[in-house]
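These protein sequence lines map, in sequence, to chains A and B.
Every letter in the first sequence is one number past the one before it in the UniProt record's numbering, and letter 91, counting from 1, is 91.
Every letter in the second sequence is one number past the one before it in the UniProt record's numbering, and letter 235, counting from 1, is 235.
No wet-lab data here; the hints were simulated from the structure.
Be aware that one or more of the hints could be misleading.
As the list claims (entries may be wrong) - DEER-style ranges, computed between Cβ atoms:
1. B/G220 to A/R43: 23 to 33 Å
2. B/P195 to A/D244: 20 to 30 Å
3. B/S103 to A/G187: 29 to 39 Å
4. B/G64 to A/Y264: 46 to 56 Å
5. B/H87 to A/P99: 31 to 41 Å
6. A/V233 to B/A240: 20 to 30 Å
7. B/A240 to A/D74: 37 to 47 Å
8. A/G26 to B/E25: 46 to 56 Å
9. B/P195 to A/N18: 54 to 64 Å
10. B/R152 to A/G220: 30 to 40 Å
11. A/K19 to B/D16: 24 to 34 Å
Even for Gly, the Cβ is constructed at its ideal location relative to N, Cα and C.
Given next are the chains, with one letter for each unit.
2 protein chains.
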Amino acid sequence: MLIADPHDPRLDDIRDLNKSDKSGEGLVIAEGHLVVSRLVSSRFPVRCIVGFANALKHYVETYGEPGCPMYEVDRATLAEVVGFDMHRGLVAAADRVAPLEVSEAISDAKTVVVLEGVGDHENIGSLFRNAAGMDVDAVLLGAGAADPLYRRSVRVSMGHVLRLPFARFDGGFTTWQRNLDLLADAGFHLVSLTPDNEAVHLAEALAGHDKVALMVGAEGPGLTEHAMRATHVRARIPMAEGTDSFNVATAAAIAFYERQRSLYQG
Amino acid sequence: MLIADPHDPRLDDIRDLNKSDKSGEGLVIAEGHLVVSRLVSSRFPVRCIVGFANALKHYVETYGEPGCPMYEVDRATLAEVVGFDMHRGLVAAADRVAPLEVSEAISDAKTVVVLEGVGDHENIGSLFRNAAGMDVDAVLLGAGAADPLYRRSVRVSMGHVLRLPFARFDGGFTTWQRNLDLLADAGFHLVSLTPDNEAVHLAEALAGHDKVALMVGAEGPGLTEHAMRATHVRARIPMAEGTDSFNVATAAAIAFYERQRSLYQG
Chain A
1 MLIADPHDPR LDDIRDLNKS DKSGEGLVIA EGHLVVSRLV SSRFPVRCIV
51 GFANALKHYV ETYGEPGCPM YEVDRATLAE VVGFDMHRGL VAAADRVAPL
101 EVSEAISDAK TVVVLEGVGD HENIGSLFRN AAGMDVDAVL LGAGAADPLY
151 RRSVRVSMGH VLRLPFARFD GGFTTWQRNL DLLADAGFHL VSLTPDNEAV
201 HLAEALAGHD KVALMVGAEG PGLTEHAMRA THVRARIPMA EGTDSFNVAT
251 AAAIAFYERQ RSLYQG
Chain B
1 MLIADPHDPR LDDIRDLNKS DKSGEGLVIA EGHLVVSRLV SSRFPVRCIV
51 GFANALKHYV ETYGEPGCPM YEVDRATLAE VVGFDMHRGL VAAADRVAPL
101 EVSEAISDAK TVVVLEGVGD HENIGSLFRN AAGMDVDAVL LGAGAADPLY
151 RRSVRVSMGH VLRLPFARFD GGFTTWQRNL DLLADAGFHL VSLTPDNEAV
201 HLAEALAGHD KVALMVGAEG PGLTEHAMRA THVRARIPMA EGTDSFNVAT
251 AAAIAFYERQ RSLYQG
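Generate the whole structure from the sequences, applying the supplied hints.
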């Protein structure tokens, strides 16, 4: 259905994306064909897809009918509504749903990652992308972790925040500790990632465990001492002298790789 | 020496950074204490360091006298000169120097990375940071690789583009092939990184080699077939079904990790 008027209220879900990621309105925004298709096949109820005529046509041809309203707009209208020139010409909005419980997120999981204080939306997005790429089963968001459903996180994750189960793991020290106990009771081997030279090599820390929970902290400060103390082992990625810690999503990717490698070797 | 006039020509080296990375003027720009210190200890001749009084004082206390002019400016002056509010308050400029020859860059190297078509400045910066962190000895820039000395690359690399040797590897197909032959003749095991499921596991591809050259391509297209054909083996990082390739700097980081791991195990 063609909408020519930029003030049409049916376009409100994607209005002023340059000023807001729509979190405040309880919405999740997806941009581009691949990410929109991941939103459509996710647990989030899609409200609408808006795009150029050819982008909508291409979407339906590639992914089928989405089962939600599709609004056709021209380039000028879309630019006026979202607040910038969206050259890919396809955007969708969905309602947020309640986050999973930790117990749900980990129920069938073999590999999970626990974040403490990863507050950057781009890092969170990259981390989900890397986790999805290497068969991590769930992401547990500790205190200070950024919202994975923020528009930028959705985009950087290539939509994997919409697919990969995650749960909130925060609520202060007591809850944090209780959740870690829950993981340990469920048979997870808890591993802290740290640049500390005293820690054991990542490969040794991960070898021979059926279930692994990898804990990573924010770039810069890293994990707190109390978080590391609550894990079974501290693991390091060996680094060259005179260099800095890695970006948190990169360090996590290496750990996910090592985890898959340990399973691959049997 | 305090400079109060934003039009003072001694500040020309850092003028209008918002509009230009100064490459066109043959300059390299470093921002912040750590990166400036890496510029000062690099092979690039530093022309000046400009900063707030406390930033300059802190720099000298931490890293010693830099052996170049230091100009003190206040916040408003610096903002007017560079074109944005530079809250860290420390910036330096150096002259570019001629790039190394490939033969120089690889002379004592055990691990090198060869880039084909990695055109994004942020990816190039991340890649250098990851390479430096995992003892890669040199970066060889093939056709289409972005300039590592671009301001954004310098910043994202944490200054490692200023420390890690690199050389241009391009000049068309003939030169590319000749350079690969040079690597092979020098005893390097040439390894292509590809998401192709037919390729061997990265761990198998890297095991048991004294010298390794890892070749990576741009995100999206990846390495060209002719580049891969010129290597000894094609290696893959196993990926979960239904996921995309990794960011190129992330994939490279995993390969660097695996390389270090193979040496660590002996």
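Open item on the list: Taking the earlier hints as the rules, which of them does this structure contradict?
Closed with: Numbers 3, 9 and 10, in rising order.
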